[in-house]
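K.L.:
Start from chain U and add chains S, V and X according to the hints.
In case you want the letters, here they are:
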Amino acid sequence: MIANPFEYSTPATLAEALGLIADGAKPLSGGMSLIPMMKLRLASPEHLVDIARLPELNYIREENGELHIGAAVTHYDVESAPLLCGKCPLLAETAGHIGDIQVRNRGTLGGSVAHADPAADYPAALQALEAKIVLRSAAGERVVTAAEFFIDTFTTALEPGEIVTEVVVPVEPGLTGTSYQKCLQPASGFAIVGVAARVRRDGANFGAVQVGITGLTGTSYRATAVEQALVGKPATDETIRAAAAHAADGVEANSDLHASADYRTSLAVSYTTRALHSALSRSA
Amino acid sequence: MSTTFAPSTTKLEKLVGKRLRRREDPRLITGTATYVEDVKLPDMHHAVIVRSPHGAADIRSIDISKAKALPGVVAVFTGADIVGVGTVPCGASLPGLRRPDHHILAQDRVYLVGHPVAVVVATDRYIAADGADLVEVEYDIKQAVTDPEKALAPGAPAVHSQWPDNVAFTFHQNGGDIDAAFAEAEVVVKQRITSQRLVPNAMETRGVVADWKTNDRSLTLYTSTQIPHLARTLLAGMLGIEENRFRLIAPEVGGGFGSKLNVYSEEALTAWVSMKIGKPVKWIESRRENFMVTIHGRGHVDYFEIAAKRDGTILGLKLKLIQDLGAFHQLLTPVIPTLSVLMMPGLYNFRNIQAEVVGTFTNCVPTDAYRGAGRPEATHGIERMVDILAAELGMDPAEIRFKNFVRPDQFPFPTATGLNYDSGDYANTFQKALDTIDYHGLRKQQAEARAAGRLMGIGISTYGEICAMGPSVATPAGGWESATVKFEPSGKVTVLTGTSPHGQGQETSFAQLTADELGVPIDDIVVLHGDTSIVQYGIGTFGSRNTAVGGAALFYALQEIKEKLKKFGAAMLKAEEVELGDGVCLNPKTGESVTVQEIAGAAYRGVVIPPGMDPGMVVTKFWEPANFTYPFGAHIIVSEVDAETGDIEIKRYVAVDDIGNQLNPLLVDGQLHGGAAQGLGQALWEQGVYDDNGQLVTGEFMDYTMPRARMMPWIESSHTCTPSPVNPLGAKGVGEAGTIGSTPAMVNSVVDALSPLGVRHIDMPLTPEKIWKLTNGRNA
Amino acid sequence: MNRTINLSVNGKRHTHQVEPRLLLIHYLREVVGLTGTHMGCETSLCGACTVEVNGKAVKSCTMFAVQADGADVVTVEGLAGPDGKLHPVQEAFWNEHALQCGFCTPGMIMVSKQILERNPDPTDREIREGLDGNLCRCTGYQHIVNAVRTAAKAGV
Amino acid sequence: MKIAGSAKLPFAAERAYAVMQDPLVLAKAIPGCDALEKTGEDEYRLKMKMVLASLSGSFEGKVRLTDSNPPRSFRMLVEGSGKIGFMKGDGLIQIASAPDGGVDISYEGDAQIGGTMAAVGNRMIDMTARMLIKRFFEKLAAEPA
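Protein chains in written order, with our numbering: chain U, 1 to 284; chain S, 1 to 780; chain V, 1 to 156; chain X, 1 to 145.
For reference, chain U alone in the conformation it holds in the complex (with noise of 0.2 Å):
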């Protein structure tokens, strides 16, 4: 199981590597996916640029109300950076539901939001918190949503030459409960369904909600018909329970040897009732 052989460069600037990615180079971050795609010869790229040691993409800083998180930054330092465990607790708990501690050692933000695998964890939450992407090539920069980022199976808005480069996420405004569920499926530990949850309180009825669902289907989504069977209604089981049936509308669903997609669709509607009970019981 060893790869095709390829160049491997390993630019000092973002500008150098942004250079050799439009000529063509693949870029290579944690490689948690791109790997073991080598390996067994389903990925051959001509030529890697190492970008996960570049300090423009090392980073984690609060601006503006905003959280900024460079691309290379590990699931590991997202799970556990105070300032992210702090004021954007749904993406550190989410990051800490990826594969396990080595991948999540090594595997980065960027690269699984670049890969976009319909099973991973980060878009779901991505969705919920209304990210902002931020991608760049040699021509320049340009930022879209999450719901714009991720269109379809493996397929999102970057075009060629360009990588993602920095992931914006709000400061959790205070009062708003969070929580990411998952029903992992247990060989490979990607998600069957993870639901990401974000609630706020109105007295007692549900002020503003966002769901991310992932796993269901093709790409991650918002779950806005749930959102809206929420919002200003009281905040009771019952709500919930109607609401998460709306978890799968209009999606079609996946189908695989782990779970049917009638079987997804429920558990969909399942872990979306759990993430908003979850959520509920943690906003203030």
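What you were told as hints is all true, and nothing was included just to trick you.
Quick partial rundown of chain U residues pointing at chain V, CB under 7 Å, derived from the structure:
1. 1
2. 6
3. 7
4. 8
5. 102
I should point out that these hints are in silico values taken from the structure, not numbers from a laboratory. Every residue gets a Cβ at the ideal spot worked out from N, C-alpha and C, and that includes glycine.
P.N.:
Only chains S, V and X this time, still in chain U's reference frame:
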């Protein structure tokens, strides 16, 4: 010469029965052990095998020119080159068995995904992999068949064209009067029960290093095997080389579970390539190859019928067993379902059986011995059937078991399948398990849970097994075992066992036994195994036989060397009668003594050689057991099912096992825990799934669910002890007990949980989706 | 196209020319000669190949050696003291019979060390979750959990 | 595995049928298609490059159109093999006129993959097949009416 079975009384602390930490561990925890992949020889070359991506296809052409042209590639061989190499052996001797030629490289057709088609040899493993990618094979794809019942249906594609019915053999076993039993029956229950294909997945994949020395005509082969001597004999035959110029070494072996109780194409192929190129050659199996071409386990479709009286008395059992054999026979492939048949009666006192086995070819990798080998399938079947009968009769599953157990006064108990159970007290062991888990309290809790709409289950398995393989009449290559005990002139002791432990810990437990018997410090004892140039011929490690057969052989060797020590000691002490104990030979009349170490030294120096004795202090013993042993036990699992998601939570797991006497209970615990993990793996998670074209769709850890730490419950393990009379240690064997006992307990628990919904049976694995379908995802 | 890498393995500096596609595990096993780290799968799911890179447990089968240029790598061979004194996790694995065939053991020990470095007093649940990336086919994990708990008590 | 679904094309049934039989159109619409050469009646040699996330591989194979029943239905078989494995799709495509003047297309068939792809790609077959089919019909829809 008389030997004594009674333990010698000494004032030294006895080590047998102590929870000693293992002597093999220092090398393993420091990363300094040598597995096959760690073997590095000068000028070693590397082999990578090109394999079929198709389940059934004719080979139209193979183009090796590009591969050969790659710098660093030394040779490429295909099926056309391997003239004169024997086929992969099968040790079964069933009448009328159809044996397809199993060549080490495909000839003109491939029969399964992974079938070896060519081998690329290079100076470097990376280059060999590149070369393999350049071999171009054109296939003419044929229709495959992967489901054994579909394979038996009229008009199914023929796996081997010469046998269009896909039947490799049929095997019948009848005992008692089955027609009378069914005529007398007040109730008959029937159930189709499958036992899905499992992938053994030893953490170390297979691997081979072959070193042919042309001038000596000698071969040294390092291979990850459980049977070094048998493998040498069989490979020597395939390769046409002399056994006495063939040294086979099983170095550190990273788990086997039966999957390395075999002789594989790649072992012969790597050796043959080394002979061809005159250089050492290494082949290491990838995990993907391990999934594709190392044997699988289980693979049954069973139709059971049980006849009983209304009071729960079982009268008889019928079984039609369809065994998915795969495309070829590996070493024991056809034998395994016959073991299932032998085990059919379980622990129960009925004497009428009728069994039919249909061995079926499919375009899949062969099935063969995987931990338990035939017995888990049978035990799962009978334990499920007993529960189904109890449900039919409205009886408690514990009560129906008590009613049918073989009683202690019936031993030795001849079964309807021709076995002779050695010893046991099944009711006692079961009662202990029930008491440990508070069975009656649990049933009350269950009633409350059900009233509250919760799905709680209590699953019982009272299992028996056939272990300590076994008498030679029942074991294809001989069922005896061997041991050598030798004092070195310095007084240190070396034990050579014919078993081939690979994790079981006999370097420790055999040293415990030796230390106790000889009265020498355990640190002075070394236990060696797995090298045919060092160790006398042996059979190997499988069928829970290391301690009960290999340990017994060692015990007899120890008795014999003790006699020799006494003779030499008496001569040295000029005494007529001496006593041997605590490492000292004592003249009780004078109080004079010599140590065993002094005796050994003297025996080598020839200081005194008693009349009729030979110098030196070495004894080799080959020991043939008169019977199998029959461990048994009771496993009880409490579970709760989440009706909404189908998730199963294991609340408690109590196991009471009777494996006879134990040399080292710490190691026994380890065997039981590991066995239980594999048994739960079958019940809940693992399945080798082929699609209709022969693709193994659970062909990597991505999709094949291995038990992980977070999935395993805490196992509360305890024991009863009825020593086996079959061997002097009273040991029965423990390697497979956990695997056999756990599976039906888990399935029975979940079926019990779902019984209020009318569920009687669920086929394994009990995936959450299957459960969810049965609960309709209803909210409890 | 070979690249020069310079790294420390178990405290010893190494400089080698390597092909970029050379996996870190193959570098450690075949170039440096430390065969304690094992390859159990190719999909990064078994953990037998776990080593420490800059203090973090990683799967060395899912990393190219060139990615470890400049790093401090610790393998199972580097855990015992210079006097041969075993690391508390090694000692606990031995005492608790947390291994049988031993093939997964180096990876288990390396990840257990990381679990305890991050959480000196883990619950059984936390231990089991920490072991998520490592497969053992022999032990059923129960003795491994015992070992990690024991090592925690001994203070890692 | 079974694949079934539906799509819409903004064409009349005859036109819809014709574009799906036109090798030049198919060459544009089959995702990753590099070349499509006619080798016989309703049979074409296919070269394609599949790129999906980091997975990439070249395939050679064929496209065959059978059971033609213009403008209502036909069968389409696509198969290809390459270093990373092989794939095969076989389905019945049915065309029904829709009230909006276009057509409703429904398809039903089997998709298989084999080789290395199959060993690790199980969880992706379904969604990948659906995505590729979606792209195929999107490309067709962009043809002039």
